[in-house]
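There are 2 protein chains.
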Amino acid sequence: MKKILVIGAGRSATSLIDYLLKNSSAYLWQITVADVDKALAEQKINGHANGTAISINIKEDETRRAVIQLHDFVISMLPAFMHGDIARDCVEFGKHMATASYVSAEMKALNIEAKQKKLLLLNECGLDPGIDHASAMKVIDEIKHQGGEVTSFKSFCGGLVAPESNDNPWGYKFSWAPRNVILAGQGTAQYLQDGIMKFIPYNRLFTQTDVIEIVPYGKFDAYANRDSISYIDAYGLYSISTMLRGTLRQQNYCKAWNVFIKLGLTDDSSKITHAGELTYTSLIDAFLPNTKKTVKEKLKHLMKDEWDKDIEKMLDSLELFDDKKITIQEGSPAILLQHLLEEKWKLKENDKDMIVMQHQFEYRLPSGPDIQKLNSSLGVVGRDQHHTAMALTVGLPLAITVKNFLNGEFELYGVQIPTKKEIYEPLLKELEEHNIRFHEEHVQ
Amino acid sequence: MKKILVIGAGRSATSLIDYLLKNSSAYLWQITVADVDKALAEQKINGHANGTAISINIKEDETRRAVIQLHDFVISMLPAFMHGDIARDCVEFGKHMATASYVSAEMKALNIEAKQKKLLLLNECGLDPGIDHASAMKVIDEIKHQGGEVTSFKSFCGGLVAPESNDNPWGYKFSWAPRNVILAGQGTAQYLQDGIMKFIPYNRLFTQTDVIEIVPYGKFDAYANRDSISYIDAYGLYSISTMLRGTLRQQNYCKAWNVFIKLGLTDDSSKITHAGELTYTSLIDAFLPNTKKTVKEKLKHLMKDEWDKDIEKMLDSLELFDDKKITIQEGSPAILLQHLLEEKWKLKENDKDMIVMQHQFEYRLPSGPDIQKLNSSLGVVGRDQHHTAMALTVGLPLAITVKNFLNGEFELYGVQIPTKKEIYEPLLKELEEHNIRFHEEHVQ
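Protein chains in written order, with the numbering used here: chain A, 1 to 444; chain B, 1 to 444.
Read the hints as simulated data drawn from the structure, not as lab findings.
Check before you lean on any hint, since a few could be wrong.
In this list, chains with the same sequence are indistinguishable; a pair is considered to hold if it fits within one copy or across any two.
Derived DSS-like pairs (lysine-lysine); straight-line CA-CA distance at most 30 Å [stated by the list, open to error]: (1) K271 / K108; (2) K292 / K373; (3) K262 / K298; (4) K292 / K219.
All values reported here derive from a predicted model rather than from experimental measurement.
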């Protein structure tokens, strides 16, 4: 009998908990779901005999430590910055741990002790990071196995809305943390192109986009992620000359989002007090010069040749020029914008979200000098606004890999991410049973 | 006999320490100058009989607390984030304290206890903040005394290089913390114009500038400071309809600085590793698309109609297109840019810096409905690169006000800034003896 503790019962934990409960009898698991909101935890357990819901405030050290000691494996679905205390407790008490988040400095610091104690600290085992690692490394290892060399790797991922639920001109609804969408790209994007480091600053990020086609899901705009460079190490691609990771949005989204950046509405570092006295129209007006023109005319003038009919339609759909009241009292421009978009871009009860991912490889085989091209693509459509493609693709890789570890399918300890064959091979195989299947295609 | 402790012996402390030593015999003061670098402290004391130099690491709690207990008044010339511990110690041990920095949350939290113990916590008593408060409040109080009402207040300040030392096309050399110059304006600038709140985001801040003339010092570009709004409270101008504070630079500076912003060179949130392998030219190239053009041509193309001959000359003066090696190994784009500018914009041994400040008041008197206009202007030129106008105008207000307090010229306790008449009146009077004199002029 293994005792598994899942901390955090939010939307992204739905598919994870479903999988664990479904397999609990076969593998003799007891599943505890802990959340500040006990009702939410109970809802996810849904009366299953092998599940227990508890209420927990993760910041209360004694409670957290007591609960962790009662389990064998801890899965944290909390925001990344909350993993540190849990990880330290796990290593102290000899428990394994898994998260879908990037390996933090705190996590890295526990690596040696965890290895000595034969404890697994699994990270980056969701969608992105997670499925991206697994599916990319499968192809990279196959190319290396043939004696080949990867010369270019571009990889794109987007969490979007499914075509059948796409009823706003942005082609976007929130299937994960809205705040991350609003602040996306701030800083400097870094990538490698033809052997040369390239940088894109935030003020130009959403104008320097590529078009990526993923059949049959359509064409998408891609903007560069902040960090593409660390993947050279992570994937062992030391002789690569092009390395780019990007985020996908429906076409037109990026050029319209650029209006918010130029206006100043995505800044999160300054607080606007008395926001409750403003409308979104007067907020935008406050960012524009005082002239006799209408707010929309002033905005057009600001954007010059970057303005077009698509953008106008997209901004209109947010009631930006309709004197819509701001209903929070204060906040950064980014928070005020998020407040509006959370209303406008909410997944409705029967809305389906969609995940699209594409890796583009270029490589050379020992058999000849020609560059080979291979695209590996994935599309997943969600069931409804609870069982989203996002929850499925974040939760399943974590649940499957925890199961594989507990069943002794791989023996790796310390900090691990799913770039190793013994982790990704059974993971990708089982994901296919859930219709999460990459389509690989040689291109010209 | 009063014992005064000055913590921090950097360039900005020079005039402060000179003043205290010069007056030490008359007022029976013992001056201790404490710095991590004892030689620097000794240099500032320069063998004066009433001065003692000591070495101190402010982060060692026991040392700091022991030293503070031995004094009656503590003046901190350290960076603002280091004042907190000192202030808490001062209040605990019953010592007065003064800084030239903005009132921090930590300082505010000590206000009540300091008042109860009759301790002064003087802040914002340098140049800006400091002399700006004093000189503005003098005019505001005079207008109020006549029953008048201030309808508009604009205030500009710049720490620049004196015309006779102005030998680079930017008209700029560093007379204070270079890092603050590089990062200036990041976030959202907020001000009040004709009764309406206005915002300017960083990506447009250096393009939306005003021209301010201060006779006989010349015409300057002014960009809006991040916070103009809190001055409404600080100056009690509750019925004002225009409130703007700005920073002055020589003409053309702002339009050229905007190139750095658009390029992405002022971002401080992302680290560029392997910078040591780059030149400034290849760094700029990395921020631009890969085409066959030269780096300068690509940059011209990026800036479109924002590019001109002035900008080209200013950028050329920094050797940006001459394959100049970057001599630090890694850092944010902002740090790499700062490294270059510290070399290019260094005050030379006999260079003089210059402070310019102008307040522009509009007000109505009970005698009539017409708007009156008054400008109050200041210019100060430094002696050399040690005795800068910056050090003089930061250090003297602090030294004079500490002297006035110790001599019983005002009795105010708790957190104070020089907006009160009993502080600013004797301060402005004595500053005139040092040729720091505002010129007031009614304008049409």
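Structure-based check of each hint:
1. K271 / K108: The answer is between: 20 Å across copies meets 30 Å, while 35 Å in one copy does not.
2. K292 / K373: This pair counts as between: shortest inter-copy Cα distance 26 Å, intra-copy 56 Å.
3. K262 / K298: For K262 and K298, the Cα distance is within 30 Å both inside one copy (13 Å) and across copies (21 Å).
4. K292 / K219: between (40 Å within a copy, 29 Å between copies)
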